Amino acid sequence: MDEILTMFNGATLLLILLGSIVGIVFGAIPGLNATMAVALCLPFTYGMDSVNGVSLLLALYLGGISGGLISAVLLRIPGTPGSLATVWDGGKMAENGEPGRALGIGITYSFIGNIFGILCMALIAPQLANFASRFGPCEYFALIFFALTLISSLSEGDMVKALISGCAGLIVSMVGVAPMDNARRFTFDIPDLNGGFALISMMIGFFAITEVLDSVKDKQVKGYQKVKFAMRGLGFTLREFIDQLGNMFRAAFVGLGIGILPGIGATAANILAYVTCKSTSKHPERFGTGSIDGIIASETSNNACCGGTLIPLIALGIPGDAVTAIVLGGLMIHGIVPGPEMFVTNGALINDMIIACIIASILIFALQFFAIHFFVKMLYLPKSILLSVVACLCIVGAYANNNRIFDIYAVLLFGALGFAFRRLKIPTAPFMLAFILENYCETYLRRGLATYGSIDQFFTRPISAAFIIVGVVSMLYRIYKNYKKNRGNLAV
Amino acid sequence: MQIDQRRDLITSIVFLIFGIAVIIASGNIPIKNVNGDVGSAFLPEMVAGIMIFLSIILFAKTCMHIKKSKPLEEKNNAKIRATVETNNKQKGFAGNKAVFASFINLCVYVVLFKPVGFILSSIIFLVLQMGIMTEDSKITARKLAIWCVISVVTAVLVYLIFYEIFSMPLPMGLLDSDE
Numbered sequence: 001m002d003e004i005l006t007m008f009n010g011a012t013l014l015l016i017l018l019g020s021i022v023g024i025v026f027g028a029i030p031g032l033n034a035t036m037a038v039a040l041c042l043p044f045t046y047g048m049d050s051v052n053g054v055s056l057l058l059a060l061y062l063g064g065i066s067g068g069l070i071s072a073v074l075l076r077i078p079g080t081p082g083s084l085a086t087v088w089d090g091g092k093m094a095e096n097g098e099p100g101r102a103l104g105i106g107i108t109y110s111f112i113g114n115i116f117g118i119l120c121m122a123l124i125a126p127q128l129a130n131f132a133s134r135f136g137p138c139e140y141f142a143l144i145f146f147a148l149t150l151i152s153s154l155s156e157g158d159m160v161k162a163l164i165s166g167c168a169g170l171i172v173s174m175v176g177v178a179p180m181d182n183a184r185r186f187t188f189d190i191p192d193l194n195g196g197f198a199l200i201s202m203m204i205g206f207f208a209i210t211e212v213l214d215s216v217k218d219k220q221v222k223g224y225q226k227v228k229f230a231m232r233g234l235g236f237t238l239r240e241f242i243d244q245l246g247n248m249f250r251a252a253f254v255g256l257g258i259g260i261l262p263g264i265g266a267t268a269a270n271i272l273a274y275v276t277c278k279s280t281s282k283h284p285e286r287f288g289t290g291s292i293d294g295i296i297a298s299e300t301s302n303n304a305c306c307g308g309t310l311i312p313l314i315a316l317g318i319p320g321d322a323v324t325a326i327v328l329g330g331l332m333i334h335g336i337v338p339g340p341e342m343f344v345t346n347g348a349l350i351n352d353m354i355i356a357c358i359i360a361s362i363l364i365f366a367l368q369f370f371a372i373h374f375f376v377k378m379l380y381l382p383k384s385i386l387l388s389v390v391a392c393l394c395i396v397g398a399y400a401n402n403n404r405i406f407d408i409y410a411v412l413l414f415g416a417l418g419f420a421f422r423r424l425k426i427p428t429a430p431f432m433l434a435f436i437l438e439n440y441c442e443t444y445l446r447r448g449l450a451t452y453g454s455i456d457q458f459f460t461r462p463i464s465a466a467f468i469i470v471g472v473v474s475m476l477y478r479i480y481k482n483y484k485k486n487r488g489n490l491a492v
Numbered sequence: 001m002q003i004d005q006r007r008d009l010i011t012s013i014v015f016l017i018f019g020i021a022v023i024i025a026s027g028n029i030p031i032k033n034v035n036g037d038v039g040s041a042f043l044p045e046m047v048a049g050i051m052i053f054l055s056i057i058l059f060a061k062t063c064m065h066i067k068k069s070k071p072l073e074e075k076n077n078a079k080i081r082a083t084v085e086t087n088n089k090q091k092g093f094a095g096n097k098a099v100f101a102s103f104i105n106l107c108v109y110v111v112l113f114k115p116v117g118f119i120l121s122s123i124i125f126l127v128l129q130m131g132i133m134t135e136d137s138k139i140t141a142r143k144l145a146i147w148c149v150i151s152v153v154t155a156v157l158v159y160l161i162f163y164e165i166f167s168m169p170l171p172m173g174l175l176d177s178d179e
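Respectively, the protein sequence lines represent chains F and C. Residue numbers for the first sequence, in the numbering used here: 1 to 492. Residue numbers for the second sequence, in the numbering used here: 1 to 179.
Hints were generated in silico from the structure; no laboratory data involved. There may be inaccurate statements among the hints.
[To be verified] The calculated lysine-lysine pairs, modelled on DSS-like cross-linking and capped at a C-alpha distance of 25 Å, are:
{"#": "1", "chain 1": "C", "residue 1": "Lys97", "chain 2": "F", "residue 2": "Lys425"}
{"#": "2", "chain 1": "F", "residue 1": "Lys485", "chain 2": "C", "residue 2": "Lys67"}
{"#": "3", "chain 1": "C", "residue 1": "Lys68", "chain 2": "F", "residue 2": "Lys484"}
{"#": "4", "chain 1": "C", "residue 1": "Lys68", "chain 2": "F", "residue 2": "Lys485"}
{"#": "5", "chain 1": "F", "residue 1": "Lys425", "chain 2": "F", "residue 2": "Lys485"}
{"#": "6", "chain 1": "F", "residue 1": "Lys484", "chain 2": "C", "residue 2": "Lys67"}
{"#": "7", "chain 1": "C", "residue 1": "Lys61", "chain 2": "F", "residue 2": "Lys484"}
{"#": "8", "chain 1": "F", "residue 1": "Lys92", "chain 2": "F", "residue 2": "Lys282"}
{"#": "9", "chain 1": "F", "residue 1": "Lys481", "chain 2": "C", "residue 2": "Lys67"}
{"#": "10", "chain 1": "F", "residue 1": "Lys425", "chain 2": "C", "residue 2": "Lys61"}
{"#": "11", "chain 1": "C", "residue 1": "Lys143", "chain 2": "F", "residue 2": "Lys377"}
{"#": "12", "chain 1": "F", "residue 1": "Lys481", "chain 2": "C", "residue 2": "Lys68"}
A quick note: this is a predicted structure, and the numbers were derived from the prediction, not measured.
Excised from the complex, chain F in its bound form (with noise of 0.2 Å):
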């Protein structure tokens, strides 16, 4: 109690609550996300003490992952790519004519996802981080293979077009400088290619630039829909939240397991959370209609990732991604050492960071619910304007992340690459989920390779084993089911 008293003072909270607006506007405007938040704000800490200082950047990282869903609903472009998966079911409730319910409920699962995590975070961090760092490359490598067989789960329809985007999705992100031995692949001696495309450039040309171009042609056809506000309380009833709690839990689960995995981060989380409970759902046929199930395994998970990447920062003194890697300097500053010894020496500040996480969470969630409306009003400019100045902004977002003009070649090209993806109904989620974790499974293989020689370690080790097992025969009889269906439709 008195920690949260000391908490309490002007300045903190003046900060969180300034932390938390700024970290939603980057987390809702395409091209800025969390880190480069909390990337421009960190020399601001130095002159700050620890406890201020590292509260504005904890409100940042949160305000930024929280931010997305934003225009991810209301703009079908997701603000920061970890909130990719809110575009499919979120966007697609807003396009139903619902865009105030399902920014209730992406906030409200936002909340709910922030505050398991720091809960984790609070309660169980030692022993969390312990089962991470049972984590070697051969579990990795496992863990992201079983994401993987995924793929096959994330077709809309054929679930050979499904697997051949997830292919192309590999091979697209092979381009640039291989892991391990550094070769160059399918570079052609153009120097820009060296670094491979960027993920910034991949989720805005898919969403934002296909965006532009499917609605340029829906006008053409169909004319432009009113939007109306639909809302009541949060977002959903209380018979609603009861059916989604298992739909919930896993999401933060997954969310969770994914964020105490240092180096894989909330974009995974996101997508892996997504395909997971679509996989596990009992009616999986509802994900991607626009249905709740879907906003909740995004927004969930995103958020419950945050918690768990702060897990091993606290307790090992890991970075789990680029944010927190830039919180580790932030704490470093103040002469603060992460690690197992900061439970000793410095637990009154874990507390102060969790306190600060938790009011953080309270405000996003209070500032963000506030402002559906004039979220929604958003809708009522002209699509012509609304569109027009998105584009813009994306393709200033993309450059900006790198300062290199090639990633708004790469834009156009991914645009132009989504835009042919949809009209030949490919599905394009599977490009995505494999883009974004080919250089994971091939550094993980590589790495595992080389550390053990052989192959046989992968088989051997119980978690590993058990992922392979468990991605090998889900995939296997999805296929089956797939297969029996199609036969069923050629006969009839």
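Go by the hints and put chain C onto chain F.
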């Protein structure tokens, strides 16, 4: 042949060619021997192989569908199909033209981004894009003025935010006084 089947045939042929191209290009990947490692060409070749296999399956499957659905198709009233197709074509034509115009506009924007500068290229892009996407068939002087104002304000505001707050200068191009 139905539209869906035509799509699937195109998909299978395109990815078949892509898969073969990847395998050929993988031959140029340098092989460096690291203990136990499979090398950088292994995964691309494997994935491209799977892609070729899947493309062949899709091709075969689509051909089977076409064969099975042909007798049915012949029974259908060809006249109705023809009318629907012309309607779709007429509706789709305006859409395709606008999509093409938007894409060209985006390409021009990206090409001009550095040499002409962020502010000028964004203003040109925004005004043109709003023109392409507008719902009204007639563009009045008032409307054009509104688009110009929005475009200028957006471009300048974004530039200032990036320059002043993020300390990240965007390309100035022609407006750069140093050049």
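Is Lys425(F) close enough to Lys485(F), meaning Cα to Cα at most 25 Å? Status holds; Cα separation ~19 Å.
Between Lys481(F) and Lys67(C), is the straight-line Cα distance small enough, at 25 Å or below? Holds. Lys481(F) to Lys67(C) sits at ~24 Å (cutoff 25 Å).
For Lys485(F) and Lys67(C), compute the direct alpha-carbon distance and say whether it is at most 25 Å. holds (19 Å)
Below or equal to 25 Å on CA atoms is what counts here, so check Lys68(C) against Lys484(F). Cα-Cα ~17 Å, so holds.
Is the straight-line distance between the alpha-carbon of Lys484(F) and that of Lys67(C) 25 Å or less? holds (20 Å)
Need the status of pair Lys61(C), Lys484(F): alpha-carbon distance at most 25 Å? holds (14 Å)
Is Lys481(F) within 25 Å of Lys68(C), Cα to Cα? holds (22 Å)
Given the hint that Lys68(C) pairs with Lys485(F), does the C-alpha gap stay at or below 25 Å? Status holds; Cα separation ~17 Å.
So if I understand the rule, the pair passes when the alpha-carbon distance is 25 Å or less; does Lys92(F) with Lys282(F) pass? holds (20 Å)
Distance restraint between Lys97(C) and Lys425(F), which requires alpha-carbon spacing of 25 Å or less: This hinted pair holds, its Cα atoms lying about 20 Å apart.
Would you mind confirming whether the straight-line C-alpha gap from Lys143(C) to Lys377(F) stays at or under 25 Å? holds (21 Å)
Need the status of pair Lys425(F), Lys61(C): alpha-carbon distance at most 25 Å? At roughly 16 Å apart (the allowed maximum being 25 Å), Lys61(C) and Lys425(F) satisfy the hint.
Consistency with the previously given hints is maintained throughout, with no hint failing.
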